[in-house]
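A.B. asks: Read top to bottom, the protein sequences are chains U and W. For the first sequence, the numbering used here begins at 1 and goes up steadily by one. For the second sequence, the numbering used here begins at 334 and goes up steadily by one.
Everything labelled a hint here was simulated from the structure, so no lab data went into it. Watch out, some of these pointers could steer you wrong.
Stated by the list, open to error - Distance condition first, Cα-Cα at most 25 Å in a straight line; then the derived BS3-like pairs of lysine-lysine:
{"id": "1", "chain 1": "U", "residue 1": "Lys112", "chain 2": "U", "residue 2": "Lys146"}
{"id": "2", "chain 1": "W", "residue 1": "Lys445", "chain 2": "U", "residue 2": "Lys177"}
{"id": "3", "chain 1": "U", "residue 1": "Lys187", "chain 2": "W", "residue 2": "Lys430"}
Said to hold, decoys possible - Chain U stretches covered by chain W per the calculated footprint, using a threshold of three residues with CB under 8 Å from any CB of chain W:
{"id": "4", "stretch": "59 to 71"}
{"id": "5", "stretch": "172 to 185"}
Note that the Cβ used here is the ideal one computed from N, Cα and C, for glycine as well.
Number of protein chains: 2
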Amino acid sequence: MPELRKDPVIGRWVIISTERGKRPMDYRPNNFERIAGEICPFCPGNEGLTPPEVLSYRRDGSSPNAPGWDLRVVPNKFPALMIEGGLNRQGEGIFDKMNGVGAHEVIIETPKHDAAFSSLPEKDIENILWSFHDRVLDLKKDRRFKYILIFKNHGALAGATIDHPHSQLIALPIVPKQVREEIDGCKTYFSFKERCIYCDIIKQESDSGIRVIAENPSFLAISPYASRFPFETWILPKNHEAYFESSQKHEYENLARMMKDILVRMDLALGNPPYNLIIQTSPFHELVSDFYHWHIEIMPKLTNVAGFEWGTAFYINPTLPEEAAKFMRDIVA
Amino acid sequence: MPELRKDPVIGRWVIISTERGKRPMDYRPNNFERIAGEICPFCPGNEGLTPPEVLSYRRDGSSPNAPGWDLRVVPNKFPALMIEGGLNRQGEGIFDKMNGVGAHEVIIETPKHDAAFSSLPEKDIENILWSFHDRVLDLKKDRRFKYILIFKNHGALAGATIDHPHSQLIALPIVPKQVREEIDGCKTYFSFKERCIYCDIIKQESDSGIRVIAENPSFLAISPYASRFPFETWILPKNHEAYFESSQKHEYENLARMMKDILVRMDLALGNPPYNLIIQTSPFHELVSDFYHWHIEIMPKLTNVAGFEWGTAFYINPTLPEEAAKFMRDIVA
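Looking at chain U on its own, in the form it has when it is part of the complex:
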């Protein structure tokens, strides 16, 4: 059973995921090599290589866990957290831990092994967004879970271990410290201004235009003012909404269009960079609707995070956000 352990000084929880079973020898350099010709567990025909699906979108009357799907969601075969059991919070002297309970699922985004997310038709991307929506609604019913992070690692340097296009979600029994800080920041601003801080950011960015990359009827894409990374990009819904899963149909359509637009621009601007994409949404069962505002963050992996950043969580970004935005804005697809 994986464990959640808390750093006693800073209060940060970590997942100690023994199920992933990395032994010391696994880290030696020559164990990093990929096995060529390995069978892809995410390709049609290999459904038996994944745990049974929890959701699939199928064109015809094909059977679960067999070919005929456009999209499948399966539990991660090597989950960071385990779906069964109680939290069993306990101390260990000065330290605190609980069982590593949670859901860890993989969204297999397309049957096509070699398709890049950015090359998928908008309709397929919209379906991926609907699968996120459907899984969040389902997992929200489990009262043990307090937060879901949906994320996508594209490329080995960004942490992807399987090439076949996929994203992941992790449902957690606690609200991560960084998410809590973000919510608290929004709450403080709201108590001062009685407005959502993200709505104010959207207004200012839209008016000035200098950090705007693209805009459509429902979404604004910007280089954030205090970008941690070069070409960090946020996609913000223009309509105030705290929960990703509460978006309307036309919003998912416009989001699919915007995601494809941004990722195509990024590919052109930076030569198909590896990237991490995350959806920042509200914790479950908390009253945050007035002041939190869900959004997407995309972080191309262009620089190595080094000692200074680990030591301080203080990032050095060598590219002006305004310059990154202009470059992305002016790129012709």
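With chain U held as given, fit chain W onto it using these hints.
C.D. replies: Relative to the frame of chain U, chain W by itself:
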């Protein structure tokens, strides 16, 4: 002039370092290649390729900025922050910024280009520690600075751009958010227990022994209970002290011995991994002596930080700290 910009939601400052001058085209994949046969600016005889030294340890009566040194400290030629000027705090609509004022220096640890830090004699490592001490005392006199981070990036994957052994320091006009949170955590514990939390951790770890890697008269090296990364290692002074620069001579001797011991073990255990090493010490001019406890954190770079971590600052560590500690403890040098 570089800028410090504040994320308006979470309150995190970032350095937008235009002096480093990364243009969008610099990130395209083929621009990552190293220039072979490039002249090393840190080698003896090439002193003219660095800014003039601010400190050097020399054997004979050799002149500054000429060969004959054992160790040199120079300003970074491409500094993330600029040493001159005032902070000039100002708003930009909803956003906040100030001038990127600070010191960014490079400690050239040895004249030998090919020496690994872990292969240096203990006496040389001790001298490196003394150079940290001397620079901190000097920079502390500048009342604009509130915090210094000393760090070492070893290997390209850990962010090093020059092979010649070196470490760096950055003096900042603000206390980074993560450091502030650590100090606050220590303060809260102290107000509850009237004891230093790190002293209590040292006591518990030393008694149980399961996460101890090595111990000498002045230092304890452990795998921390809630390690973020596999083989993360902390070196803690056994004697309570808030400031790195207030250590005694025998402590620097024992620290040099411990650092070499740990890095040799890490090289043997993990095949010369890239790593980041940071010294966590107290902010200047704050009354934290009772409850803060300086220490060193070493993070070998074995896994890629991915979307989940960026989205939540919630780390997944696939190796049990107890297993990492045992492996490091049992390695025979």
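A.B. asks: Run every hint past the structure and note whether it holds.
C.D. replies: Status of the hints after comparison with the structure:
1. U:Lys112 - U:Lys146: violated, 34 Å
2. W:Lys445 - U:Lys177: Given pair Lys445 (chain W), Lys177 (chain U) is violated - Cα atoms ~44 Å apart, limit 25 Å.
3. U:Lys187 - W:Lys430: holds, 22 Å
4. 59 to 71: violated (count 0)
5. 172 to 185: holds (count 8)
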